[in-house]
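Asks: Listed below, chain by chain, are the residues.
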Amino acid sequence: MSNDERDELIDRVADELRAPVTLDAGFHARVMAEVRRPAGRWQAAAQWWTEPRLRVSPLVGLACAAGLAALALLGARALERPLPRIEAAGESALATEPGTQVVQFVLVAPSAASVSLVGDFNDWDPSRTPLRSAATGVWSVNVPLHPGQHQYAFVVDGKDWRPDPAAPNAITDDFGSPNSVITVGGKSS
Amino acid sequence: MRRVILALVLAAAPGALQGQDPRLEGRLDPATRAAVAALVDSARAADLPTEPIIDKALEGATKHASAERIVAALHNLAADLRAARGALGPKAPDADIVAGATAIRAGAQADLLDHLEQARGKDGLAVPLSVLSDLVARGVPVDTAAAAVLNLAQHGAGDADFTGLERGVAQDIGAGAPPGVAAAVRAHGGGAADGLSQGQSGGPPAGVPANPPKKGQNKPKGPPAGHP
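Chain order of the listed sequences is A and B.
Counting with my numbering, you get residues 186 to 374 for the letters of the first sequence.
Counting with my numbering, you get residues 63 to 290 for the letters of the second sequence.
Please keep in mind that the hints were generated in silico from the structure rather than gathered at the bench.
There could be a bad hint or two in this list.
Chain B residues, not near chain A, derived (Cβ > 10 Å throughout) [what the hints assert, rightly or not]:
id, residue
1, Ala93
2, Ala123
3, Gln180
Distance windows between CB atoms, simulated [claimed, not checked]:
id, chain 1, residue 1, chain 2, residue 2, range
4, B, Glu130, A, Arg317, 50 to 60 Å
5, A, Arg317, B, Asp176, 44 to 54 Å
6, B, Gln233, A, Ala298, 47 to 57 Å
7, A, Gly246, B, Gln233, 26 to 36 Å
8, B, Lys184, A, Gly361, 21 to 31 Å
9, B, Lys184, A, Thr321, 14 to 24 Å
10, A, Asn327, B, Glu113, 21 to 31 Å
11, B, Asp109, A, Arg317, 18 to 28 Å
12, B, Pro84, A, Ala251, 28 to 38 Å
Predicted model only: the values in this text are computed from it and were never measured.
Glycine included, each C-beta is placed from N, C-alpha and C at the ideal position.
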């Protein structure tokens, strides 16, 4: 290409670039309509996947945080407390009978490995109503009882009989180890 | 004497092996089991509740008591049940007979059971009599406990009121009140924990009868002061 031909090409390109841009009257309207058109469901999902955005108000954020904290606490307590055992068959059977009242028996025995409740409501069978250690050294169990007086005792580690320190001893001691007594009331007058 | 009774019971035992409670199997040796079965049959024939007898035998078995001791305990229990049946009559429910036997063992007189039955009507005596023996177990003199329970019954108290009385007395005793005073004051709707000096008499105070009223005596009307 000669110098003259090159100069002519440069002038044509320059003239083209210098020429003012003219837009038809509907261009602006068409552009804005396209911008404002709502995105389709799949298009929006794809867009969220490539550019994830989550808008949360401070109040909702606070509620979510509180909920997560509560779930964490419940989970921690569930880990601390062993699941209820199914062995309380006598307890379940009593619970279905009308007129019973649930009584909680508690014994503080920090050095105990196991504690059972025996009484006239479970045939004095140490295997029927084991206590659970909800906190360190605090053993407890809930037992539904019929109205009236009941005698009972705790058996610690399978051999050590202990009356309930929170209840009176039975008047009679026929076998050399005292029982405790509890009276369960029924309806009020 | 107990050895003789045990020997007689054991001699009559073989016939009692049939129909004995299955809960006794594996808990007692065959001879003791048969003796218990004979006592249960005897109680049943006398229209006494048999469950407390079996229960007492199971308690003795769990506590590894000797056969002689178990049979002796069952004889004592059967005697108390018989006394309660005599006081409450043939129509009394088993629960009342059992509670009555415990109250009699605690020192309650048979006429108290009769007066309580009149005061309670169809409400049953199991809870009032159980509370009575509980109060005695807590150190309340039996006359005071009997008066307190009878007083509540004559004012139409419900079962929960009797157990409430026992809770209140236990609370007052825990706070340092003498058992007899705590029961007497609570029976009239007060709390004995405050303002009581140690060493007061355990007997009933003025206004609380030590003995139940005679039959036909008019019942007081209206609830006592502070009645729950």
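Asks: If a hint holds in the structure, say so; if it does not, say that too.
Replies: Each hint tested on the structure:
1. Every CB of chain A is more than 10 Å from the CB of B/Ala93 (nearest about 18 Å), matching its label as outside the interface.
2. With 10 Å as the threshold on Cβ separation, the claim that B/Ala123 sits away from chain A is violated: the shortest Cβ distance comes to roughly 7 Å.
3. The non-interface label for B/Gln180 is consistent with chain A: the shortest C-beta to C-beta separation is roughly 17 Å, beyond 10 Å.
4. Between B/Glu130 and A/Arg317 the CB atoms are about 38 Å apart, so this pair departs from the stated range of 50 to 60 Å.
5. The beta-carbon spacing between A/Arg317 and B/Asp176, approximately 45 Å, falls within the hinted interval of 44 to 54 Å.
6. The hint said 47 to 57 Å for the Cβ distance between B/Gln233 and A/Ala298, and at roughly 34 Å that hint is violated.
7. Taking the beta carbon of each, A/Gly246 and B/Gln233 are about 49 Å apart, not inside 26 to 36 Å as hinted.
8. At roughly 40 Å, the beta-carbon separation of B/Lys184 and A/Gly361 lies outside the given 21 to 31 Å, and the hint is violated.
9. Against the hinted window of 14 to 24 Å, the Cβ-Cβ separation of B/Lys184 and A/Thr321 comes to about 49 Å, which falls outside the hint.
10. A beta carbon spacing of about 23 Å between A/Asn327 and B/Glu113 agrees with the range 21 to 31 Å that was offered as a hint.
11. Take B/Asp109 and A/Arg317: their Cβ atoms lie about 42 Å apart, and the range 18 to 28 Å is violated.
12. Checked against the given bound of 28 to 38 Å, the beta carbons of B/Pro84 and A/Ala251, roughly 56 Å apart, lie outside it.
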